[in-house]
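Colleague: The lines below spell out each chain.
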Amino acid sequence: MGVAALSDVEFTLSTGTVLGLIGPNGSGKSTALDCVTGFVRPDSGQILLDGESIFGKAPHLIARAGLVRTFQTVKLYDQLTLDEHMSLSLRGLYKAGRSGASRRRSAERKRATSWLVEFGLEQLRSAPAGILSYGQKKLLALAAVLVTQPRIALLDEPLAGVNPRIIDLIRDAILQANTEGQTFLIIEHNVEFITSCCSEVVVLDAGKKLAAGPPSVIWDDPAVYEAFLGRKGDGHAG
Amino acid sequence: MPADRHLSVSAFSAGYLSGVPIVNDLTYGFASGSLTTIVGPNGAGKSSLLKGIYGLTRWCKGSIRIGDRDITALPAWGRLQAGISLVPQGRCNFPHMTVQENLQLGVYTLPRSNRAVAVAEALDQFPALAAQRTRAAGNLSGGQQQLLEIAMAMMVHPRVLLIDEPSLGLSPKARCQIFDKLKEITDHGVSVVMVEQNVIEGLAASDIAVVMVDGRIHRHGPAEEVLNDPEMKNVFLGGRPDTAAPGREPDRRRHDDDGI
Amino acid sequence: MDATYTWELLANGVVLGSSYALLAAGLAVIFGVLNVVNFAHGALYMLGAFAAYFFIPLTGYWIGILLTAATMAILGIVLQEGLLRRLPPDGAFSRSMLLTLGLAMIIQNGAIVLWGAGPRQLPEDSRPQGHLLLGDVIIPTGRAFIVVVAVATLGALYLLLNRTQVGRAMRGVSQNPTAALVVGISPERIGRLAMALGVGLAGIAGATLTPVFTVSPQMGITIVFKVFAIVVIGGLGSVPGAVIVAYLVGMLESFAGGYGSAMTQSISVFLFMIAIMLVRPQGLFSTEVRV
Amino acid sequence: TDSPDTNSGPITIGLSAPLSGPAAALGENERNGVQLAIDQINQDGGLLGSRKLTLAAQDNACNPTDGVGSVTKLITQQQVSAVIGALCSGVTLAAMPLAKRYQVPLVVATSTSPDITTAAGKGGNDFTFRINPSDATLAVALSSYLHKAGDVRKVAILAEDSTYGRTGAAALQKALNDKGITVTGVDFVAQGTSDFSTQISKYRNNGTQSVALYISGADHLSFLRQAASARLQLPVTGRVELEGQNLEILKDEQFAGSSSVYPYSSLIKTPANAKFAKAYESAHKTPPTYESFEGYSAVMVLADAISRAKSSDPKAIQKALVKTDFTSLTGGTVKFDAYHQAHDKAFILQIKNGKTVIVSDVVT
Amino acid sequence: MTAALHVHEPEETNDVMSRKSSSPLHKWLGGRHLGPLLPTAAAIALVPAVVTNDYFIDVANLALTFMVLGTAFNLLYGYVGMLSFAQVAFVGIGGYASSWLVTHTDLWQPVAFLAGGGVAALVAAVVGAVTVRLSEGAFAIITLSFTLLCAVVAAEWTGVTGGRQGIFGLPAPSLSLGPVDLVADTPRSYYYLLAGFTVLALWAMQRLVRSSAGTVMIAIRDNEPLAKAQGYATNNYKLAVFSFCAFVTGLTGALHVFRLTTIDPSIFDFYLMQVMLIIVILGGAGTFWPVAYSAVLFAVLPEMLRMADEARLIVYGALLVLGLLFLPQGVGGFLRARAMNRQLRDMRGGRS
Ligand SMILES: Nc1ncnc2c1ncn2[C@@H]1O[C@H](COP(=O)(O)OP(=O)(O)OP(=O)(O)O)[C@@H](O)[C@H]1O
Ligand SMILES: Nc1ncnc2c1ncn2[C@@H]1O[C@H](COP(=O)(O)OP(=O)(O)OP(=O)(O)O)[C@@H](O)[C@H]1O
Ligand SMILES: [Mg+2]
Ligand SMILES: [Mg+2]
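Protein chains in written order, with the numbering used here: chain A, 1 to 238; chain B, 239 to 498; chain C, 499 to 789; chain D, 790 to 1153; chain E, 1154 to 1505.
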């Protein structure tokens, strides 16, 4: 279309970090994620995984290489049950896990069940995903990624529509997995979550990198403040 | 507060399978001219309630009234004409049409003479959309689409606005603006019923809170009261129970201290 | 083979394209709004031709065409109310395919029972007489009228779809039925309108051919596939796309047949379709939106 | 399988023909002819001492799958004494082994594939008989006529994409070449094609002096209509029915000199034909077509065989059929050769002053 | 908004989380999914015993043919969501290839049949290689055009295909084992051949859909991008299923034309495609056994309607329309939805 959704964006996701990718609406965050995971082919540039280019590779190969994602507009198999979602994800992504992660069926099964229980979905286990509420869909999509313990999980607004109580659970899980060596890239608009979860933050604005650094530094940046946070309102009071 | 802006449901049930009510025998009058926020766990039936009121669930029982008028028998577009408008959860626009065309369809029910003005007004109120006017809606970012959908619902100047998680996918800045805008229209007498998972900000902006659990109203009252009720906070609104690891609270405070 | 020949083939292509365009536009409207693949389109086109066969001798050409269009539009509404509306909305695509297939069988074989399988033609005196001479190119009046009717009808259709709120609503219903409900569109009304337009267009296509071809119950059997392909190539649901591709196909057939044999004519159409779909799988004229 | 009760009750004649799909019009014509023959025989008191004939007609939609089903049903369930069919050559070729297996005579009345004859009689299939002439002989007759008439030296062939069209076109092309008449092109159009403008333009511009048609039904009439309104100044030839709606168009000056080779014309002046044509016209409001004639003939040939066999048993009928020596409606003789092919008359027809005249007849 | 309530049959669940172990052979054969296959096979075996008339046996032959064709199309359209109009082309290609081999070489018939399937699969692999990545509509149009092209080629390529009149007088399949001569030259003997093949084909296809690959197939139909994001090479799956179905279809085509003893370009007509569509949609796309059984219905129905004569196809069309209005998701879809609703109701019941 002649308009670049992203231009000259560069960032590094080092192993073992939780990177927050934030920015105002339409700043190109989801597009960046699409590029990294092969769903959109960038016009130019480089995408390296462990020094090797994954530029232009097919999405499923990138997923198998360990980059596992969720979608902002939640994607599920409407006619498959929750259990089937979990097992499909496990089976499709068994190569994407961190080395050393358990490949035992029973362990996987336990993990899958425990995610469904944690997210309050265990009663709906054998229901088709199409009937879930919006938040439940988001949670299922997230669980299906987390259960595979991928090397790098790329989450596009995983918390939008999720009840705050469960947000706390997710935070704990991510931090826990992170200490076990998993890497995360999280796109979020939830400031509190970014602050408490991410060790690094990259801010995009209008397709360009606006700032980068640890959260505490980022929030002090007036440009970020202007573009992303807006004014201080009563809404932000804890 | 004009009476014809008073939305009420009585003995209202709605669901997708016969015999399985998702919204269960609900009776409630939404205060007119104020911002009521419904909160509750995922899958509690909040969206189903809003859809049921607008006539989008597969079945419903009981009655829905606006003022004195019983609108239970009306089809969805009839309810719109009766003054209710809905912003559903998730994506709900015309993806292959431009933003401009979407807005033009947004005023489908307005008299011909008012349409152009309403579109111009909306573009004026949402500059982010004005910039994307000729783009296909499906190519906007998630947040931009959310804004578009809110704009489309507001354009018809409804008496009752049902809005399902408006903050979904919006940046903090846009979120504040939307909450402000909602407050502003309640000031003009519109009754707004909002569902929010962004509980703290949502309730802070609202007049009245309704807590829904398992298809029923668990509790309702002034928003501030509910927000500060420790039981509510622990069980439904998130945040740590007081026994939780102490590391978390300061995080939130820090972000507060940071002046955000 | 000289310039006259080329011009003649061009004229033939325009006439052929006009017929395809009327049919394709109708199919595209029905598909675009209702998500219904109308396999009965060929049968309805045949009914239109028969209607005109009965009307034109009574009322003359122009009024006959108008009457046919009106009758067929009413039939469209009846079909919508009686059948299509009753299909549940999810998965309408494949069901509609079968429903209209059944409908096509009923109409086609009903016509055989009613009118016999043999061909009929309009009596000499009710056909448009004479021909146009453009340079050396002879165009029979009946064929010229096809172009006139097509251009007028399709022009009006374009204005309706793109310049009016109703037209926008029609496109809207197909793109997102829920969103349509949310902005207050009555899907029933729009559905009726779409069927009235689509079937009416099929009727007009049939009616304009009545004075030129013969009329028989089998006349619509094979045309559906070609028109279906034209609609998909144009970009599903894009009426202007369907019309443009219809003219392209008409032109292609005319020239391939003119400079090759009738076999080249059909083969070239299939190859054209395959080639376009390989290069632009989403169709020639559709806006792509992100996944 | 049980053979039908050979002593009493009605005698059932089976017909497998396309009654739906693109060839339905032809099948309908054939059935009309068959029905007329049966009615006439019954009116005259039936066969074998007042046993009536009944018709069992099955649709074969012109495809072998339906065709095999229809013929199997006729033979094994409806227990017909003989089958007439199956119009489309492909279906006939699929039906022939069934006739042989169940030993029920199959009278082919309209299928043109030369392979039917090759396989019948001496070819191995004793139960298949064909009464319609082969296209090759017709083509030779026509091209001799054209050659003699002398004014046409460049002919284009327009044929439908069916066995009828393809074998006919091939035979004519060969026969014309043998006579030194140039074929400017052969176009095969799908059955059900309605638009012929491309071909018409082509004939107008490439020096073609006459168009030989091998297309049937609605397409045929459609071509003539379009040629007329496009002012195509050419005589047509080939297999053109110079009667009914066609004649209305062809009598116009622009088609002057049109000719045709046809195994039948309603103009043939035999008493039997006059009776047939009159009865047909009063029942169906149009002159009989070629298919109706052949259907009628098939029944008459069978009736003759049944009478001679003095039995309605299929095997007996087959034996009688082999010895058929029957005068047809057109004055020719139906007699089966070693390949069970009959050699009835065919006619060269021409339009003179707006009227169809029989120029000559040939034994095929 | 109103999400589809029907999922595939609950017993199809093939999750790693709940699989009972059983004997390896039993498991390989399909384990508990053998359920409906055995009674079906038994019913098929019983037909010749209860049916005496050749005509009805022939209808049964047609029913078996439709069963395999319909199920193969169901795999593609019902499970993977690929609307392939090329199925009928593969029937023809299989038919032509085997007919040519038998009439032009000394190849033993069973091998020729397999070769027919093989050629169809090969062609499918080539066509699929460029088309499976395309959108649904493009796939449908290309396969449709491909079929129409095949018809033209079959009519034009006289040297190989026999042109318009095709290849006819195909010999009955025969098998001589020493003193025993088996010839499938009557409808009844042909039935045994077809029955054996049908049971085998149904077993293979149901083995596929009940395997883990079957779930992936549904996943691709439901949401292809997600399947990609979960690491599935969706295009490879589609290509594999497309070729596999082409093989089964081509083989069926070969058997079909040898039963008819003739093949001509009319095999590429819409007729068989229409039959497959009817069977799959009214049977319930994406359900296995209901589709297989509906094939029987739609082989028998038109033959039953032969009584209606003129009105045959009108009544047939009317039955289609009515069937669709009253069972819009097909029989299988209806049963599935009912089972699912019951399950959901139980779930809800347990909650409150
Ligand atoms: N296929 C496309 N065609 C045209 N424009 C596009 C396309 N994809 C993305 N864009 C544009 O690129 C910009 C960035 O979109 P993107 O979805 O990446 O934003 P985002 O940062 O994820 O926003 P949000 O927070 O609202 O989700 C938007 O303005 C969008 O309109
Ligand atoms: N189409 C449907 N068919 C059957 N059940 C459904 C359907 N849609 C939703 N449900 C069920 O209804 C319940 C309530 O859903 P609803 O969308 O109203 O929840 P919600 O309160 O809005 O949740 P969230 O906060 O996640 O949006 C859920 O348990 C869900 O499974
Ligand atoms: Mg985004
Ligand atoms: Mg909700």
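Treat the hints with caution; some may be incorrect.
No farther apart than 16 Å at their CA atoms in a straight line, the calculated lysine to aspartate or glutamate pairs in the EDC-like style are these [as the list claims (entries may be wrong)]: (1) D:K1141 with D:E1037; (2) D:K889 with E:D1338; (3) B:K471 with A:D168; (4) B:K411 with A:D205; (5) B:K421 with B:E439; (6) A:K75 with E:E1377; (7) B:K411 with A:E226; (8) B:K411 with A:D221; (9) D:K1064 with D:D833.
Treat the hints as calculated values from the structure; they're not laboratory data.
Colleague: Against each hint, give a clear statement of whether it holds in the structure.
Modeller: Against the structure, the hints:
| no. | hint | verdict |
| --- | --- | --- |
| 1 | D:K1141 with D:E1037 | 13 Å, holds |
| 2 | D:K889 with E:D1338 | 12 Å, holds |
| 3 | B:K471 with A:D168 | 13 Å, holds |
| 4 | B:K411 with A:D205 | 13 Å, holds |
| 5 | B:K421 with B:E439 | 13 Å, holds |
| 6 | A:K75 with E:E1377 | 9 Å, holds |
| 7 | B:K411 with A:E226 | 9 Å, holds |
| 8 | B:K411 with A:D221 | 15 Å, holds |
| 9 | D:K1064 with D:D833 | 14 Å, holds |
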